[in-house]
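Visitor: Next come the chains, spelled out residue by residue.
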Amino acid sequence: LQQIAAERTDNDMTYTLAQLLDVSLLASAQPRTKEELRAVLDSAPVSLRHYPAGRLLLLEGDPCDEVHLVAEGLLRVRHLTPEGREHVVSYLGPGRVLNLVPALDDGAALGTVDALTDATTYAIPCTLLREWIAQDAGLAAAIARHLAGELRRIDAMLADMALHTVRARLARFLLTHAESNPAHHRWTQATIAANIGTVRDVVGRLLREMRQEGIIRRERGRLVIVDREALEREANNE
Amino acid sequence: MSATVHPSLSGIPLLDASRCTGCGLCAAACPCSAIRLDGGLPRFSCATACHGCEECPSLAHCLFPCEDACPERAIACEFLLVEGNDV
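The listed protein sequences derive, respectively, from chains A and B. The first sequence begins at 1 in the working numbering and counts up by one. The second sequence begins at 1 in the working numbering and counts up by one.
A couple of the hints might just be wrong.
Just so you have them, the derived chain B footprint on chain A, three or more residues with Cβ under 8 Å [what the hints assert, rightly or not]:
| id | stretch |
| --- | --- |
| 1 | 169-178 |
| 2 | 199-207 |
Pulled a few chain B residues facing chain A out of the computed Cβ check, cut under 10 Å [stated by the list, open to error]:
| id | residue |
| --- | --- |
| 3 | 12 |
| 4 | 14 |
| 5 | 46 |
| 6 | 68 |
| 7 | 73 |
| 8 | 76 |
| 9 | 77 |
| 10 | 78 |
| 11 | 79 |
| 12 | 80 |
| 13 | 81 |
| 14 | 82 |
| 15 | 83 |
| 16 | 84 |
If you are wondering where the hints come from, they were derived from the structure by calculation, not from laboratory data. All C-beta atoms in this analysis are idealised placements derived from N, C-alpha and C, irrespective of residue type, glycine included.
Build out the structure end to end from the sequences listed, making use of the hints.
Guide: Rendered as structure tokens:
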């Protein structure tokens with residue numbers, strides 16, 4: 001969750017292509033690769049994609065022939081069931097890459113992807129990315145490091161699901177996402193449930209319990225953490 | 001992403017009209033009588049009728065009553081997560 005929160009901190013940024021080549025995975029590419037990349041993206045207007053908030057980009061299992069460098073906005077990757085249950089796997093803000101795994105293993109989309117805000121991406125053909133990786137050791141190493149980081153993040157998420165109660169996970173979520181200076185992240189019981197691996201009804205019941213216990217309180221448009229220490233004990237399964 | 005505060009943060013629930021069946025359970029669940037059905041859809045007057053559950057002594061266990069009462073999951077109450085008593 002901390003990882004997710006960290007990933008969401010720069011979401012107000014808007015990157016130009018030149019900036020993306022310096023801040024994204026591609027920053028480790030050799031100059032020649034970057035020049036090739038810049039030439040490809042500059043010469044193909046169709047590579048620049050705009051998605052209004054709410055637009056569906058991909059369904060889980062869809063074939064993938066492009067990776068996307070996120071220049072602006074926020075994408076959400078999640079698993080959905082026909083019954084409407086969902087689990088958010090990641091949020092991808094400016095500088096992040098969508099579809100890296102399918103680009104490497106030639107497989108299908110890992111999750112269903114939608115735009116949470118108006119978003120802009122640069123689309124790169126997977127075949128081209130694979131060619132660049134094959135010829136650029138710096139880029140290959142950067143991608144390996146990135147995937148190692150993703151493996152650690154997902155391992156931590158799995159451990160959290162397996163070892164902590166839903167109440168503890170909710171407490172950790174509230175602690176991680178509560179803001180001392182209210183900003184602009186809007187939550188609902190359903191979106192919290194999708195982030196901690198449960199369903200809305202359970203989040204609702206647990207929030208009511210916490211409210212009865214004086215840990216949180218409801219104000220119009222806000223959920224306020226009143227007793228942080230108690231919440232920290234909950235987060236640690238104490 | 002825009003940093004402006006969304007109108008729903010005034011406390012007005014969001015309604016997915018495509019899912020709403022007009023059953024009225026949300027109106028029945030609202031402790032402030034802030035919901036009425038109009039043309040088969042709930043209309044919310046939380047901004048004037050609701051004083052905030054925290055201020056209502058009879059609602060000690062109430063958080064999102066209309067959202068929780070909706071069997072079609074057509075209602076969503078958005079909120080900010082805020083820390084502390086002084087914000």
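Visitor: Confirm or reject each hint.
Guide: Hint by hint, here is what the structure shows:
Counting residues of the stretch 169-178 of chain A whose C-beta lies closer than 8 Å to any C-beta of chain B gives 3; at least three are required, and the coverage claim holds. Counting residues of the stretch 199-207 of chain A whose CB falls under 8 Å from any CB of chain B gives 4; the rule of at least 3 is met. Proximity of residue 12 of chain B to chain A holds as hinted, the smallest CB-CB distance being about 9 Å (cut-off 10 Å). Nearest Cβ of chain A to the Cβ of residue 14 of chain B: about 8 Å, under the 10 Å cut. The hint holds.
This hint holds: residue 46 of chain B has a C-beta 7 Å from the nearest C-beta of chain A, less than the 10 Å allowed. Of the supplied interface hints, the one on residue 68 of chain B holds, with its beta-carbon coming within about 5 Å of a beta-carbon of chain A, less than 10 Å. At its closest, the beta carbon of residue 73 of chain B sits 7 Å from a beta carbon of chain A; the interface hint therefore holds under the 10 Å criterion. Annotation: interface hint on residue 76 of chain B holds; nearest CB of chain A at approximately 4 Å, less than 10 Å.
For residue 77 of chain B, the interface hint holds, since its Cβ comes within 10 Å of a Cβ in chain A; the closest pair sits about 6 Å apart. Because the beta carbon of residue 78 of chain B sits about 4 Å from the nearest beta carbon in chain A, less than 10 Å, this interface hint is met. Satisfaction of the interface hint for residue 79 of chain B is found here, the shortest Cβ-Cβ separation to chain A being roughly 5 Å, below the 10 Å cut-off. A cut of 10 Å between beta carbons decides the hint on residue 80 of chain B: the least distance to chain A is about 5 Å, and the hint holds.
The beta carbon of residue 81 of chain B comes within 4 Å of a beta carbon in chain A, closer than 10 Å, and the hint placing it at the interface holds. Contact between residue 82 of chain B and chain A, as hinted, is supported at the beta carbon level, the nearest pair being about 5 Å apart and thus within 10 Å. Interface hint at residue 83 of chain B: satisfied, since its Cβ lies 4 Å from the closest Cβ of chain A, which is below the 10 Å cut-off. Against a cut-off of 10 Å between C-beta atoms, the interface hint on residue 84 of chain B holds, since the closest Cβ of chain A lies about 6 Å away.
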